[in-house]
Amino acid sequence: MSRLGKIARRTFLIGSAAVVGGVAFGVYKYRSEGENPLLDDLGANEAAITPYVKIDANGITLITPRADKGQGAYSIQAALIAEELDVDLDQINVDPGSPSATYYNTAIASEAVPFKPTDDGVMAQSMRTVADAAMKFIGLQITGGSTTVPDGYEKLRQAGAVARETLKAAAHEKTGVHVTRMKTRSGHVILPDGQELSYQSLASAAADMDPVRDVELRAESEWRYIGKPMQRLDIQAKSTGTQNYGIDFELPGMLHATVKLNPHQGGATATNYDATDALNMRGVQGVHPVMNGIAVVADNTWRAFQAAEMINANWPKSDMPDTMEGHWQALSDAFNEDQQEIQNRDDGDVEADLAKGDVLTAEYRAPYVAHAPLEPINATVLMTDDRIDIWTGTQIPRFIENNVAKLTGFERHQIHLHVLMMGGSFGHRLEDDVARQAVQVAMEYKGTPIKLTYRREEDMMHDYTRQIAMARASGRVANGQVSALDLEIAMPSVVASQMARQGLSLPGPDAIIVTGAWEQPFDVPNYRVTGYRAKPLAPLSSWRSVGASTNAFFHEGMMDELICAAGADPLAERLRLCSHDPSRKVLEKVGEMSNWGTPLGENRGRGLAFCLSFGVATAEVVDITVTEDGIRIDDVYIAAEVGKVVDPINFDNLVKGGVIYGLGHAMNCEITYTDGIAEQDNFWSHEGMRMHQTPRIHVAGLENGSKIRGIGEPPVPPAAPALANAIFDATDQRLREMPFSKFVDFA
Amino acid sequence: MKITIDGTQHDVDVEADMPLLWVLRDELNIKGVKYGCGVAACGACTVHIDGVAVRSCQTSVGDVDGAVTTINGLGTPDAMHAVQAAWAEHQVAQCGYCQSGQIMQAASLLSQNAEPTDADIDEAMSGNICRCGTFPRIRAAIKTAAQTMKGA
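Listed in order, the protein sequences are those of chains A and B. Here this note's numbering is used: the first sequence runs in plain steps of one and ends on residue 769. Here this note's numbering is used: the second sequence runs in plain steps of one and ends on residue 154.
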């Protein structure tokens, strides 16, 4: 254990601070309500006032509690603090801190209320405030839902401002100079005579003071970082192979484990198994049943992988239909009154309009797909008699601590979770099976660190996938316009599935079933969206853009069918129907970027789709060519409304990545189950998009909205329908089921 | 058995059929080389053997018959290879997990083809998966690196 005391985070946070003392600042208004987790790690001469900024002799450390899955969360959070603190980004350290209720996510709550994101009315706003308070109460520290920027945009700048003003007050005490005559720059307070006092030299004086609470955030015109291209803090490490991820974590004497999971997805572990061959293999130390499978411990990851394949077991079947027909049948059966979950849009009189005849109907389908981030999931655990340390990449740190407490009987304060850099997630790391399994193994090896790594095959076959979903759509056109749209969507509940694995139940209806469809800013005169909850099938989890990833395909596919049937122009008709000004501007922008309306030439096609998701109005135009080798995507144009683009480079990169993620899975990917066993086990059967299929992507970020929004997810939902609509434009073939490669060839 | 990695000779006591990837990662603690798929379908484990890109997850250590260069030997944060410098300049990485392999593949391409076209890049790079979708930036960075290396 003494070894542990010296490593990583603790050393990093405290360093040589004891020499001069240290100080930590945060957001005053939250201070009285939350614990300050920095207090746990303080030395004798240190003080911690609040939770986001820590200054000591070791330097300035910004605490960035939202996890970095590759979306650049650490850099963006640091920049928001630095904007007010007046430090240079190359002179600070970044640390994700310890899991704490203090770092609860406000924005994720705001999105959970049953009001359209376009609704800024009193009722909607006050519900968001109530939800915010509830989140604060339960301390839900989650990364997800494109919320890092919306959640931190004011909170983190506020933390920086409080720290800066308190340091100035400390400088005043030291020098007698009035604070209004001081400036701050690059980690220093500058006095009128040009004398520079470093923040470190003021830290211990500041630590003894009450923080200056009355701060005003700077005007946009004074911003130095926000809105300007930034250099990601991790870019050098990630360009030289020196960035360490969870899977790279090492401790002296560590053993390597893997787990052979019950191939029936969601099935329990085997009580009857034969591991004789595995145990006889070189380097194998032991075999241990864990949650849903059997773990092998060896002295090398590959040896553990090899041995895991030698285990023979009678695996119990999981509770799932035997064939995919059975899965689709369960969705088909869900369209009934008893399973109706939610109907939050019913404008005009859909029944009466459809009764006029000439009704257009269509059935749409979206398959299960895997998250499959490139770093296989893993966790490292060291357990002793009185302490458990866990190192892993996760979006749900506090849930892991709770679950480990339940699993081991340890108290929460004995469990220490260290969040490591993630090699992607897309929602995959909202689960914690791997941490629980690693703890179960570590319980057998007290004092020896255990790193448990999934084989790719286990990671993909046991991905808690995106929902399978089906839509039945009806509509009617009249006088060259869309007159009615009736969209019925059936899927199992993603949220109930996810919460069940955390031992929780979903108290109300699952709004995800209709997200990306019911709240769209179109004034179709007769417009209804109804969600049906299918019975649980394969276990599900949030997949980048969640409900909208399937529902935008349904909504925008049917919308395109109706507009084409009406003989109208897809852009002009959407603009005619759209009364939400920021959304109109997004549509106009993408039309302008793509030269919408100009002829494309032979064998070509162009498709448009729109989706308002996570509060972000996003429109995409896809241009394709039908070649001898198949369909080639040439260009994608995308405009998205985010209120403020915090870092144009990160924005551009995330948007392009989202488009590629949306297109690649729509074209090429599905997970199918036979007897509950996934039939896709590696990237050759579930590969997303590769370089040769990647189009040119043209990006515009608009700033007309009243709220700041995140951009990780919104580019995904319109990609699939924009491509399907382009294929229809070029070939007259209407694709109503993903993946499209089942019906057309791609070059 | 003896094996030369990034200019240093190592003696390792492992099975001849252990993939080079796991010798590098678990026996020699060279962690820049990544495990992604184990079946040569993703390219995250790409290293050079005598300058040519190979998938270390499908190369048995007993079959290695030349000097191995990993991402950690190609260049360092203080002395980056032209390809690494182009990657940093274009801010290619998101999660970054695939980028070691992407960079090694690109460096191998550029050593054989100083001025690759888009089609050449597609062909050389399509074995390397990036789940974050950084392909447009990878393309641009390869072209920048080609220019730098031409000038060198």
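FYI, nobody ran anything at the bench for these hints, they're computed from the structure. The structure presented is a predicted model; accordingly, all values stated were derived computationally and were not measured. Among the hints, a few may not be true.
As the list claims (entries may be wrong) - Below are the SDA-like pairs computed for lysine to any residue, each with C-alpha atoms no more than 25 Å apart in a straight line: (1) B/K145 with A/Q253; (2) A/K607 with A/W618; (3) B/K152 with B/N115; (4) A/K250 with B/T146; (5) B/K152 with B/G77; (6) A/K764 with B/K145; (7) B/K145 with A/T264.
Stated by the list, open to error - Derived Cβ-Cβ restraints for the label pairs, each shown as a range: (8) A/E385 with B/T119: 42 to 50 Å; (9) A/T293 with B/T10: 45 to 53 Å; (10) B/G53 with A/D651: 44 to 52 Å; (11) B/T78 with A/Q253: 12 to 20 Å; (12) A/N115 with B/T10: 45 to 53 Å; (13) A/T197 with B/T10: 35 to 43 Å; (14) A/R756 with B/V54: 40 to 48 Å; (15) B/T119 with A/A377: 44 to 52 Å.
Unchecked claim - Negatives, chain B to chain A, calculated, CB over 12 Å: (16) V16; (17) P21; (18) K36; (19) A69; (20) N115.
All C-beta atoms in this analysis are idealised placements derived from N, C-alpha and C, irrespective of residue type, glycine included.
Next on the checklist: Let me make sure I understand: some of the numbered hints might not hold for this structure. Which ones are they, in numerical order?
Outcome noted: Hint check: 6, 10, 12, 13, 15, 16, 17, 18 fail, others pass.
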